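*Asks:* One-letter residues, chain by chain:
2 protein chains.
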Amino acid sequence: MSQEFEVIGKRIPHLDSVPKVIGAAKYIRDMVLPGMLYGKFLRSPHAHARVVSIDTSQAEKLPGVKLVLTPDDVMRETHPIGLTFPKHQYCLHSEVRYVGDEVAAVAAVDEETAEEAVNLIKVEYEELPAVLDPEEAMAPGAPQLHEEPGNIREPKRVRIGNIEDGFRQADHIVKARFRTSRQAHVCLDAHGCISSYDPATGKLTHWSPAQSILFTRLDIAEALGIPASRVRVITPAIGGGFGSKAGTFTHDVAAALMSRRLGRPVKFVLSREEEFLASRTRTPFIIEAEAGLKKDGTITAWREKMVLDSGAYADMAPWVAKISLGLIAGPYKIPNVWVDCYPVYTNKSISGAFRGFGNEAVSLAREALLDIAAGQMGIDPLEIRLKNIIKAEDIPFTTSAGLVIRSCGMEECLKKAAGAIGWDKKRKPHSGVGLACMVGWSGEKSAFDVDFSSAQVEIAADGSVIVRTGNSNIGQGLYTTLAQIAAEELGVPLEMVAVVGGDTEGTPPELGCWASRSAVTTGSAVKRAASEAREKLLRVAGNMLEVDPQDLMARRGNIHVKDMSRSLSVAEVAGAAYFTSMDGDAGPVVGRGVWASQTKPQNDDGYGHFTSVYVFAAHAAEVEVDPETGLVKVTRYVTAHDCGRALNVSTVEGQLQGGASQGIGLGLFEDDTHDKTTGQPLNPSIMSDKVPTAVDLPDIEPILVETVDPLTPFGQKGVGDVALHCVAATIANAVHSATGISITDLPITPAKILRALKEKNQGEI
Amino acid sequence: MSQEFEVIGKRIPHLDSVPKVIGAAKYIRDMVLPGMLYGKFLRSPHAHARVVSIDTSQAEKLPGVKLVLTPDDVMRETHPIGLTFPKHQYCLHSEVRYVGDEVAAVAAVDEETAEEAVNLIKVEYEELPAVLDPEEAMAPGAPQLHEEPGNIREPKRVRIGNIEDGFRQADHIVKARFRTSRQAHVCLDAHGCISSYDPATGKLTHWSPAQSILFTRLDIAEALGIPASRVRVITPAIGGGFGSKAGTFTHDVAAALMSRRLGRPVKFVLSREEEFLASRTRTPFIIEAEAGLKKDGTITAWREKMVLDSGAYADMAPWVAKISLGLIAGPYKIPNVWVDCYPVYTNKSISGAFRGFGNEAVSLAREALLDIAAGQMGIDPLEIRLKNIIKAEDIPFTTSAGLVIRSCGMEECLKKAAGAIGWDKKRKPHSGVGLACMVGWSGEKSAFDVDFSSAQVEIAADGSVIVRTGNSNIGQGLYTTLAQIAAEELGVPLEMVAVVGGDTEGTPPELGCWASRSAVTTGSAVKRAASEAREKLLRVAGNMLEVDPQDLMARRGNIHVKDMSRSLSVAEVAGAAYFTSMDGDAGPVVGRGVWASQTKPQNDDGYGHFTSVYVFAAHAAEVEVDPETGLVKVTRYVTAHDCGRALNVSTVEGQLQGGASQGIGLGLFEDDTHDKTTGQPLNPSIMSDKVPTAVDLPDIEPILVETVDPLTPFGQKGVGDVALHCVAATIANAVHSATGISITDLPITPAKILRALKEKNQGEI
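If you're matching them up, the sequences are chains A and B in order. Counting in this note's numbering, the first sequence runs from 265 upward without gaps. Counting in this note's numbering, the second sequence runs from 265 upward without gaps.
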C-alpha cells in the first residue's frame, strides 16, 4: 500500500531509542540544577478530616530545612489548581479529603532531610465522616465533599431516539451491572517537576513531564497569579503518560510557590508509593446496562446508568463522563440510546484521564452485554456483531447521534480478528475464545470544544530540517513519526530531520498529547508546515533553474525537474534561499502549519464533529481458565485495528501491543483498592497492585487494517488511546466462553471466578 | 511628537537592567554545566612560523587533562571556519600567521590544569618572514600569507561619474593621507562558549554570546560536518558585542570538537589578554583622499585609495571594504566619486567588524579633508557642509550612486548641533570647536545580499504576551524595544509582555544584531507579528460582541467598540480564542511577521537598495589642547541624530552617548599596536591600551531629530552602529580648530600633537 512513499509506511526505529537504551536520556528524576532544593509533602492519614492545628517548629529547626509550607500560606499566596470550574483543589488543604491528601510541604537541601522534616511536623486532626462508595455518596444524608449537592459534579445525559419505542420493538431484553476498577497508570517515569523562579526577572522556569505544556503553563501562572508569559514549561525525557501527566499537580504548584519564596530551584519527585496514593488513577465506573434486540439480533434499544467515582476532587472525571457518552453506541447502528451519567466525589484519591478515557468501561458494558444476549438468544457473537456494525459500504455514514463517519474498516477488522483466532473452528462452548469491537476517535474536541495543533518546519542552509512542535514526546515515538512526515514531504533523508519540542518558549502552540490525536492533528500540522516549506523551496529552485516551480519535485535530497533532466540538491536550494528574498521572505525556508477544528457548528469537512476521524478495531482472545484455581491464562491475543495508513508500522504495532497489555492488566489484574470503611489504601505498591509482565502475557498479534481516511493528509488515524478500549471486554467474553459465566466486575480475579463457578455449580445441582 | 502612543516614544528602563545590576544575569563566564571541562589554547609566540613538531606527551600525563588537540586532529576532523570564501582559518594551525594564533588546545577538569598543560606542550617552530604593514604586504616579493596574490583579498572599487571631469571643474584641490587605528572592542563580557555534544543523540548544544545565532549554528555545523538541524545555539546574557561577537571563533570550533570527542561539555573563556591578542579588532584603514571643490565650496570630485589591514585571516575585512564604499560620498551631493579599496593580509591578529564597520575611517577622511579644504579656502566649515548636504526638500533624493533616500534630517541635525555647541559665537581661530556629519544605514543588505528578520507574537489565555525573536539582546536594550512595540500594537501593559530569544531551536530565523538594524528590521517584524495577532484578537472579540472587527480597537488592556460603548479585556478575548476555531486556526492567538529585503533588483519600496533607511547625524565638540603636554581635553560633546521616531528615548540616548564615548576612545586613545619588525603585541591590556573612562569624557549631549521614515512602521531608524561614525572626525576637526594642525593618523595622541606643533612652529620660524 505504501510503495508510493519513501519514508512513510515503513518500520522506523524510534529516533530517541538509543539515548533511552544506553541510559543517557534525562528524566525528571535525573535532573539536577545548581542550588536545587528537594520538596516533600506531609500527607493526610485520614480519608476525611479537618486540620485543627499544625506545629512546624521542630521541622523548621532541622538543619538543611529551608521552608515549611502550610495550608495558610497556600490559601494566602496561590489560587486553586486545574482547568475545570469550579475548582476545589489547592496544593495543600486544611480540610483533607482522602488518605494521601497534601497537608504541608517541606523544602530542604536533600530528599532525606525533607523526609525527616515531614515526619517532624505535628498535625492535630478532627476526623470527619467519610464516604467511599460513589452510590452511597449520591444518597441523601451522605457526607458532602464540596458544594455540589449529592456530591454529583456535572451530570450528563444522552437522549437519542425514543427508548420506550426501542424496547417495545425488541423481542429480547438483556441487562447487567458492570463495574470497572481503579487502575493505576504505573508509568516507568514517576511524576515530578523542578521549578525555578528567578527573582531578578520574575520569571519561572518549570520542568515537568507534562502531556500538555500549554495547559501546565496556564495552570501554574494562574495558581501563582503571574502572567503566563513569565512562565516557561519544558519537558525532560518522559517515560510514559497514559493520561496521568495530562494535568497539573499539587507538586507543580508547591514547587513553584517554594521556588518563588526561596529564589532557588525546588524539585519534587513522587515515590512509587506516592504514585499510588496521590497521583491520578483510572476513573472507575458502575454501569447498569439494558439492551433490547430483535430475534435476528438487531439491536433496537440501549439504556445505561453510569456512576463515576471521581475521588476527592474533580480532575478530569467530568470530562471522562462527557467523552464516554460521545460514542456510547459503539460501532453499531442503534436507533434508540438513553444514558444518564453521574460523576461523584468520594473520599478516595483523585481519578481522571487514563488511556481509554471511559471507553474501556463503555466497551465492557456494551460488548459483554452483547455476548450475554447472544448466549441467551443462541446467536453467534461474531454474527450478532456483523449484523449491527457500520460497514464500509455505509460510508459516509451519519450515526443516530449525528456523527459523520468517512472511513470504516470495522467489518474487515472483525473478520480478520476472527480469522486469525480461528473463530470458525474454535468457537464452540467452553472454547475460551472471545471477541469484542470498538470505535474510537483521533483527537476528540468535546473536552475543550476545540482541537488544535501547530507546527513549524525550518530548512537550514545545509538542507537539514528542524521540525518544531509544542507536543510532548511521551514515549510513543511521536517525534519519529513527525520526522518521517517532514522527510517524506520535503524529499530529504530522515537523518537530516531533527524534531524539537516540549518548550513553551520555543515551540508553536499545541493542545497536548492524548486521545490518539497526535499522529492526526500534530502530524497534519507538520504535513502542512512541510508542504509550505517545500513550495517555497520549489519557488527558489524554479528561480535558480529558470523552470516553473510546478514542473519541479522534491525527492531523495534533490529538487528535480519532473522530466529528470536537471536537478539541484536541497542544500543548494536551501542555501540560496537564505540570500534570496522572494515574496517578501528571506532567510532559512520556514513553513508553518495549523490544524484546528471545533465541535460547533458542524460542517462537511469534519470540522464540527466530536472527532474528525473515527478508529475501529476488533480484538479476539483465547484463554484457559483453571477450574481448580480460577487462574486465567491468555494464550493468544489478536488486535486488529483500522489505523488508517500506518505512518510508522513499528509504532502502530507497539501501540497495539502496549494497549492490549495494559488492557489485560485492567481485565485480569489491577485495582488500586481502599478499605471500605476507613478509606485506607490497601495495595499502594507494584507488589500488591499487580501489573502484568511478560510472563503474564501472550505474544500479542497486531493486524493493521489500513483504510485511508479522506480527512487526514496521509489517511492516517491514531491508535494510542484506542488500543485499549475493548481489551477488558474481549477478555471478559473469552472467560465467558471458557466458563459460561459472566464476570462483570473488573478485574476478573481467580477469587471472583471461583465464587461464580461455585454459585453456578450450586445452581446446577 | 509621540502623544499618539501609549508605550512608544517614552523613556522605558531596560527590562533586563535589574538582573544585571544585582549580578543575577548569567554570562558565559558564570555558566557551569555538570561534568564540564575547561579548554585553553596554546598560542603562537611568532608572527609567522611553521610548526616543525609538537610534543604533547608531558601535557597528556598531567592529572586532570582529558584531551590535547593538535593541528593534525583539526585538519582530519573539521572544516575551516567562517562565512567567507575561500576560507583559510581552522581552529588550530600548523602554519601560524600571527602572535596569538592557535597551535594546540587542552581540555582539563579546571582552568588552572588546562593552563598548566598548555605550558607543558613543546613546539618546535621554523620561523618564516613576516609582513606587518599592509602597504608592504601588497608590494612585490612580500611574504605571502595565503593563495591570494599580493596578499590582496577581494579588492573593490567605486566609479561614479567621471573623476577627471570632476577635478577639471574644481577650483581648489585638497588631499591628505589618513590612518585609523586597531581599536579593540573591550566588551565587558569576554568571548567564550560552552559546547555540549550528546553522543547518544548526535546533537550539539552550544552556548555562545553570539550576535547571530543563525550563522554560528551554520558555521559550527559546517566546521564539524554535521547537519545544522543537530546544532542548537543559545545565547547567555551578553555584555556587549560591538561587532566582535558577529563571527564564529576558533574556541567555538575547538570546544565543539573536544566535546564531540569526549562526550562532556567543554568551556572556553578568553582571558583579557587573549581578548587583545586573539579576538577581532577594528579594521585599520590607510586612506589617501583627494577632493576637488569650486570656489563656493561645492564639491565636484572625490577620489580615494584605501588599504585595509585585515590581519592574518579574512574575517569580515572584505565586507568592511564593501560596506565602506556604499556611502562613500557621505551626506553630500558629489557627482564624481572614484575609489579603489584593497583589504590586505598581514601577520597580525584578525580585524573585522566593529561599530562603524569602516564608516569611521571613511568619515574621518571625508570630514577632516573637508575641514582642511574649508580652512584653505576660507570658508566656514558649517557653511561648506550646508552647501553640499542632501536636504529635507530634496526628498525623495536619488544619489549619484543610485540610492534613494526617503527621509533626511541632515540639515536639522547640523543646525541643532551647531546651535547647541554655540557655533556662531565660538567659531573663530583656535576656538577648539569642530563638527562633522555622517550618513549611515539601518540594516544594510550588501554583505549578505539580503536582510531579514522574523518574529512571532503569542497571546496566552490570560492576555499576557510572548514575543519570540531570533535576535540577540547584546546589551543595548533591544528586547525592551521589542516589548514596547508589541505592547503598543496590542494595547496591553508593558508588564504583560515577555520577550524570549537567542535560541536557534525556539526562535524564528533572524540575521543577527548589527548595523543599526534591529530596531528597524526585527522591530518591523515584531510590529507585523503583533498586528496579525491583534487582527485575530479583534476577529474573536467581534464574534463575542457581535460587532464588525473593524469597529473595534485594542487599548489599555481592553478591546473596545470604537464608540467606547462596550469592551472586553484582552484576557477574556485571548482566553476565548483558545477555544474558538476561526479561519482554520485555534489555540493561543499567534501572529507572525517577516521583514525581508534584498539588494537586487531595485524597486520603489526600498527593497532593492543598499539599505532601506538612511540615518543622518551631525556631531560637534569643543576641546582644549594643552600646548605644553599635547593633552586633549574634550569639554563638550553634542551628538545630534536623525533617529527617525525614537521608540525608547532612553535607549536612543544611551546609544548616542555610548557611540560618542567609544568614538572618543578611537579618536584620542586606543590602538592595539604591534612591534613593526617582530609583530609582537605591544599593549595587550586595558592598562596599556587605554579605553576612556568617565573621567576622560565630558557629559555627552544627545539631540534627537525625529524624522519619521515612511518605510518603517513607526518611522524609526537605527542608531547603534551609526552613533560612532563621525566622532573621531569631529574630534580631529576640533583639534584642528584648536591648534591649526591636522592630525590625520588616529589616535590623536599628545605625542603626535607635540610633534606636529613642533613641526608647525619650526615651519613658522
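Honestly, the hints are just simulated from the structure, not real lab data. Please read these numbers as outputs of a predicted model, since none were measured by experiment. Where hints are given, some of them may not hold.
Pairs count within a copy or across copies, as identical chains cannot be separated in the list.
Stated by the list, open to error - With a straight-line cut-off of 20 Å between C-alpha atoms, the simulated EDC-like cross-links for lysine to aspartate or glutamate are:
#1 Lys651 x Asp435
#2 Lys290 x Asp462
#3 Lys467 x Glu390
#4 Lys467 x Asp280
#5 Lys467 x Asp767
#6 Lys330 x Asp815
#7 Lys569 x Glu418
#8 Lys680 x Asp374
#9 Lys284 x Asp462
#10 Lys467 x Asp294
#11 Lys689 x Glu380
#12 Lys439 x Glu428
*Asks:* Next step is simple, just say for each hint if it's right about the structure.
*Replies:* Taking the hints in turn, this is what the structure says about them:
1. Lys651 x Asp435: within (16 Å within a copy, 107 Å between copies)
2. Lys290 x Asp462: For Lys290 and Asp462, only the inter-copy Cα distance (11 Å) is at most 20 Å; the intra-copy one is 23 Å.
3. Lys467 x Glu390: For Lys467 and Glu390, the Cα distance exceeds 20 Å both inside one copy (40 Å) and across copies (56 Å).
4. Lys467 x Asp280: Classified as between; 12 Å across copies, 30 Å inside a copy.
5. Lys467 x Asp767: Both. Shortest intra-copy (15 Å) and inter-copy (17 Å) distances satisfy the 20 Å Cα cut-off.
6. Lys330 x Asp815: neither (68 Å within a copy, 55 Å between copies)
7. Lys569 x Glu418: within (15 Å within a copy, 84 Å between copies)
8. Lys680 x Asp374: neither (56 Å within a copy, 65 Å between copies)
9. Lys284 x Asp462: between (31 Å within a copy, 13 Å between copies)
10. Lys467 x Asp294: between (23 Å within a copy, 19 Å between copies)
11. Lys689 x Glu380: neither (63 Å within a copy, 81 Å between copies)
12. Lys439 x Glu428: Close inside one copy (15 Å), not across copies (108 Å); limit 20 Å.
In this structure, the earlier hints numbered 3, 6, 8, 11 are contradicted, and the remaining ones agree with it.
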